[in-house]
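Construct the entire structure; sequences and hints are all you get.
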Amino acid sequence: MSVDDRDVVVRFVLDGRSYELARSEVESRLAGVQPRPLGTHAVRVNETWYPVRQAFELASGLPPVLFNSHTARRHLERLGFEVRGEIQHRDEPVRSGADRSSRDAVTEAPADAASTPWHTEANVQAAVVAALEAHGWRVLSQANTATKEHGIDVVASRDDQVAGIEVKGFPTTTYADPRRRGESKPTRPSTQAGHWYSQAVLAAMRLRTRHPEYLSVIALPEFSRYRTLFEETRSSLDAAGIQIWWVQSTGAVDGPA
Numbered sequence: 372m373s374v375d376d377r378d379v380v381v382r383f384v385l386d387g388r389s390y391e392l393a394r395s396e397v398e399s400r401l402a403g404v405q406p407r408p409l410g411t412h413a414v415r416v417n418e419t420w421y422p423v424r425q426a427f428e429l430a431s432g433l434p435p436v437l438f439n440s441h442t443a444r445r446h447l448e449r450l451g452f453e454v455r456g457e458i459q460h461r462d463e464p465v466r467s468g469a470d471r472s473s474r475d476a477v478t479e480a481p482a483d484a485a486s487t488p489w490h491t492e493a494n495v496q497a498a499v500v501a502a503l504e505a506h507g508w509r510v511l512s513q514a515n516t517a518t519k520e521h522g523i524d525v526v527a528s529r530d531d532q533v534a535g536i537e538v539k540g541f542p543t544t545t546y547a548d549p550r551r552r553g554e555s556k557p558t559r560p561s562t563q564a565g566h567w568y569s570q571a572v573l574a575a576m577r578l579r580t581r582h583p584e585y586l587s588v589i590a591l592p593e594f595s596r597y598r599t600l601f602e603e604t605r606s607s608l609d610a611a612g613i614q615i616w617w618v619q620s621t622g623a624v625d626g627p628a
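Our numbering puts the sequence shown at residues 372 to 628.
Treat each hint with caution, since some may be false.
What the hints assert, rightly or not - Estimated spans, in silico, between C-beta atoms of each pair:
id, residue 1, residue 2, range
1, Q532, R605, 17 to 27 angstroms
2, R581, S561, 44 to 54 angstroms
3, T604, P434, 44 to 54 angstroms
4, V379, S561, 42 to 52 angstroms
5, R407, Q532, 42 to 52 angstroms
Hint data in this document are derived by calculation from the structure and do not stem from the laboratory.
Please read these numbers as outputs of a predicted model, since none were measured by experiment.
Ideal Cβ placement from N, Cα and C applies to all residues, glycine included.
In structure tokens form, the structure reads like this:
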């Protein structure tokens with residue numbers, strides 16, 4: 372590699388702040404670092420393959436809640452690093468067997484939502500995907516939260532287990548739609564959270580009926596309102612075989628293992 376290649380720098384904006392990262396910084400900060408288990412998206416640095424989120428987090432020093440795998444992959448690829456793991460739209464067929472081993476199938480992610488609160492559905496989903504990848508799960512598909520795509524939000528597999536995960540964020544007091552940005556919502560967040568929780572439970576129950584062999588999961592950001600609703604329905608969820616995974620503001624997820 373030439374000196375010029377090592378001097379490549381990318382500039383980007385996350386959470387309203389500008390950053391820059393050089394290829395040489397990525398190589399230096401990952402030197403000797405043990406990679407976590409690989410997931411859907413990986414990058415090769417110093418002849419070693421890393422999950423893209425691990426590599427980008429260590430190289431940039433940014434908390435993982437500020438970015439998702441697709442953001443990390445995009446910037447690392449711009450720096451000239453080799454990446455792997457193809458992005459597939461939900462309407463393309465998911466391959467199985469030998470085909471699946473050579474082509475990763477995930478839904479194309481929406482544009483970076485890092486400038487929004489950590490508890491939006493997009494950011495919660497990104498945290499869940501990162502946690503799955505860190506624990507050796509293979510993400511088979513993701514819903515496009517920007518277009519409110521229907522279907523199971525996240526499908527992942529590990530060994531002989533398949534998990535279907537329904538993801539919800541926590542409501543804000545104003546609209547996220549740019550056309551209505553700053554406009555107050557008529558419904559209180561705590562009331563809307565109750566509606567979202569009910570929708571998530573219904574979706575998880577339908578998944579148990581349609582795919583009883585799946586692990587049925589609801590992923591929620593850690594808020595007292597959701598905790599209260601969970602305690603009120605805990606025994607019913609246990610009886611139905613539905614798990615709750617909690618996503619923290621740091622991006623940590625209490626659930627996948």
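How the hints compare with the structure:
Roughly 23 angstroms separates the CB atoms of Q532 and R605, a value that falls within the hinted 17 to 27 angstroms. Restraint check, R581 to S561: a C-beta distance of roughly 31 angstroms breaks the suggested window 44 to 54 angstroms. A beta carbon spacing of about 31 angstroms between T604 and P434 contradicts the range 44 to 54 angstroms that was offered as a hint. Between V379 and S561 the beta carbons are some 48 angstroms apart, a value that agrees with the proposed interval 42 to 52 angstroms.
Taken as a hint, the range 42 to 52 angstroms is violated for the pair R407 and Q532, whose Cβ atoms sit roughly 19 angstroms apart.
Checked against the numbered hints above, the structure breaks hints 2, 3 and 5 and satisfies the rest.
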